[in-house]
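Q: Chains A and B, in that order, give the protein sequences. Each residue of the first sequence is one higher than the one before, starting from 1 at the first, in the UniProt record's numbering. Each residue of the second sequence is one higher than the one before, starting from 1 at the first, in the UniProt record's numbering.
Take these hints with a grain of salt, some might be off.
If chains are identical, the list can't say which one is meant, so a pair holds when it fits in one copy or spans any two.
For lysine-lysine, the following DSS-like pairs were computed, each having C-alpha atoms within a straight-line distance of at most 30 Å [as the list claims (entries may be wrong)]:
| hint | residue 1 | residue 2 |
| --- | --- | --- |
| 1 | Lys18 | Lys274 |
| 2 | Lys19 | Lys161 |
| 3 | Lys291 | Lys122 |
| 4 | Lys153 | Lys50 |
| 5 | Lys19 | Lys291 |
| 6 | Lys19 | Lys192 |
| 7 | Lys294 | Lys128 |
| 8 | Lys63 | Lys291 |
| 9 | Lys107 | Lys185 |
| 10 | Lys274 | Lys291 |
| 11 | Lys291 | Lys18 |
| 12 | Lys294 | Lys133 |
| 13 | Lys294 | Lys185 |
| 14 | Lys111 | Lys161 |
| 15 | Lys133 | Lys122 |
| 16 | Lys111 | Lys294 |
| 17 | Lys291 | Lys106 |
| 18 | Lys161 | Lys32 |
| 19 | Lys69 | Lys274 |
| 20 | Lys122 | Lys19 |
Hints were generated in silico from the structure; no laboratory data involved.
Protein chains: 2
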Amino acid sequence: MPIHIQEVIPRDGFQMEKKFIPTEDKINIINKISRTGVSKIEVTSFVSPKAVPQLSDAEEVAKNIERNKDVTYVGLVANLRGAERAMNADLDEINLVMSASASHNKKNVNKTHEESLEGFSKIAAHIKGSGIKINGTVATAFGCPFEGAISEKAVMGFIRKYIDLGMDSITLADTTGMANPSQIKRFAAEVKDYAGEIPLTLHLHDTRGMGLANLIAGMEAGVTRFDSAIGGIGGCPFAPGASGNICTEDVVHMFGEMGISHTADLDQLISISKELPDIIGRSDYPGQVVKAGKVSDLHEF
Amino acid sequence: MPIHIQEVIPRDGFQMEKKFIPTEDKINIINKISRTGVSKIEVTSFVSPKAVPQLSDAEEVAKNIERNKDVTYVGLVANLRGAERAMNADLDEINLVMSASASHNKKNVNKTHEESLEGFSKIAAHIKGSGIKINGTVATAFGCPFEGAISEKAVMGFIRKYIDLGMDSITLADTTGMANPSQIKRFAAEVKDYAGEIPLTLHLHDTRGMGLANLIAGMEAGVTRFDSAIGGIGGCPFAPGASGNICTEDVVHMFGEMGISHTADLDQLISISKELPDIIGRSDYPGQVVKAGKVSDLHEF
């Protein structure tokens, strides 16, 4: 089964950038990503502009990007109002996020688990019949920066709730890069079994250097959908200078070297990554293949 | 079986640094590394000071470091004269390096394979009975920046020659970070079978982000000895700005998270890594755990 590459730079990548990225630049990069063979693009977040000023242009971005019929366009949504905004912007899918950690959920969306799930229930009822799909993300699924280890039983319970609410797909997110390969290999396999036919995505960060090792562990657990961000940007506020999301072009380069089937065009992704300094105003992003070249880029003797 | 961490910062890490690192600083960091529970330290390189000016103080370093009886102190050696220098400096082991790629060997040591092997034969004869061990490294074993793919049959042939020459241990080096996890898992397992009782080390670089994924693949192939450099410094001249050796503290941190048995002290390694800016005069080294903290370093809510 081919691996699905799901690009999150417009949301999880850009949201951490301090300098406001012009709306036109966001639309432009999303249009380019649309042609690279990725399966999904998380294009923005319909949250309060006060909470995430960088994504205050959510509607304008979502309404003005070109649409490729082979790509699912996703918007992150925090409440019913956000879901309405995403519907009006004609997105294919909304992504609902709750942290497995109670304290991280409080910090991130200022809600208890009960409040989050109640909101999701209203959103699911509202969306029903619209044709828009819902993905449910369990954030901090492998560890929380405040609480440490997370109860796997609790994560399973939240997935059960998501499935009961009729969500179309599930994401396990290693929000602050705390997962290790053994944990991913074991727990992602358990969740995959439990979710059955419901597609499961792993959202991985490379915060402590384990990103691609975790990706391989996820594949070994049977996961075929992975979020990543061009350039490896993104990250969490607690680790300034650390790596962010796993880097799309590094992931796709590794798949190519390993002979793993996928539909993404590595050269186009590298080319987009090389444009990042003009977009985010800095060139110190974590992507390695952009710096080192592909394995197949030979040198003159 | 516990994993052996073999530290190469004093040789493969420092040799690429432009600013000369004072001899006293080299001795000081090696002494600190000696107390961290690593199995081996490659302390320097007995090559021409013209070729590697950074390591022109090889004798002074080797003769003045403290010795921990649980640590094997290694010197890289390029010819008979180098072997004599290493013997006089009372090292426990010499490391002989030949590239599997003919062109890389020519570029690196200006020798054909035949010339390298003839030199190794003389060195082995000279060393015999001294109690000093010999490790044979096959460099560019997974790919060459000039030639691309490397014949695995040729690599096996060189390993056969090393064993015939009486070498005590073997290293497969991914000198410029071209290996991928599938290749490592398959080929390292073949070499491990072939080498039998002869200890096998993997020397990995993180040039294209696959370093820790390759390490796990190597472990799955049964390898228990790995070279790494504190801070992840080192690297190759063709990839300026790219990551270098796999990063010791990131490796040891991952092992800890995975519950893999080893003898290295993570906190001491992190503490040494944090001193690197004072030693190498720059703070842009690739190590991630130094930037992000350990998974177990929780944050205040």
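Q: Against each hint, give a clear statement of whether it holds in the structure.
A: Checked hints:
In this assembly of identical chains, the alpha carbons of lysine 18 and lysine 274 lie at most 30 Å apart whether taken from the same copy (19 Å) or from different copies (27 Å). Neither within a single protomer nor between protomers do lysine 19 and lysine 161 lie at most 30 Å apart by alpha-carbon distance, with minima of 38 Å and 58 Å respectively. Taking CA atoms no more than 30 Å apart as the test, lysine 291 paired with lysine 122 passes in neither setting, with 46 Å inside one copy and 41 Å between copies. In this assembly of identical chains, lysine 153 and lysine 50 lie within 30 Å of each other by CA distance neither inside one copy nor across copies; the values are 34 Å within and 61 Å between.
In this assembly of identical chains, the alpha carbons of lysine 19 and lysine 291 lie at most 30 Å apart whether taken from the same copy (23 Å) or from different copies (22 Å). In this assembly of identical chains, lysine 19 and lysine 192 lie within 30 Å of each other by CA distance neither inside one copy nor across copies; the values are 39 Å within and 51 Å between. In this assembly of identical chains, lysine 294 and lysine 128 lie within 30 Å of each other by CA distance neither inside one copy nor across copies; the values are 45 Å within and 43 Å between. Proximity of lysine 63 and lysine 291 under a CA criterion of 30 Å is satisfied in neither setting, with 34 Å inside one chain copy and 38 Å between copies.
For the identical chains of this complex, lysine 107 and lysine 185 are intra-copy neighbours only, at 29 Å inside a copy versus 42 Å across copies, given an alpha-carbon limit of 30 Å. Taking the closest pair of Cα atoms, lysine 274 and lysine 291 come within 30 Å of each other both inside a single copy (9 Å) and across two copies (24 Å). For a Cα distance limit of 30 Å, the shortest separation of lysine 291 from lysine 18 qualifies both inside one copy, at 23 Å, and across copies, at 19 Å. With identical chains, the CA atoms of lysine 294 and lysine 133 are never at most 30 Å apart, being 36 Å at best within one copy and 37 Å at best between copies.
With identical chains, the CA atoms of lysine 294 and lysine 185 are at most 30 Å apart both within one copy (27 Å) and between copies (20 Å). In the homo-oligomer, the alpha carbons of lysine 111 and lysine 161 lie at most 30 Å apart inside one protomer (16 Å), although the nearest pairing across protomers, at 66 Å, exceeds that limit. Taking the closest pair of Cα atoms, lysine 133 and lysine 122 come within 30 Å of each other only inside a single copy of the chain (14 Å); across copies the shortest separation is 71 Å, beyond that limit. In this assembly of identical chains, lysine 111 and lysine 294 lie within 30 Å of each other by CA distance solely across copies; the values are 27 Å between and 44 Å within a copy.
Taking the closest pair of Cα atoms, lysine 291 and lysine 106 come within 30 Å of each other only across two copies (26 Å); inside a single copy the shortest separation is 38 Å, beyond that limit. In the homo-oligomer, the alpha carbons of lysine 161 and lysine 32 never lie at most 30 Å apart, since the shortest distance is 36 Å inside one protomer and 52 Å across protomers. Within a single copy, lysine 69 and lysine 274 get their C-alpha atoms as close as 26 Å, which meets the 30 Å cut-off; across copies the closest is 49 Å, which misses it. For a Cα distance limit of 30 Å, the shortest separation of lysine 122 from lysine 19 qualifies neither inside one copy, at 35 Å, nor across copies, at 62 Å.
Hint compliance for this structure: hints 2, 3, 4, 6, 7, 8, 12, 18 and 20 are broken, all remaining hints hold.
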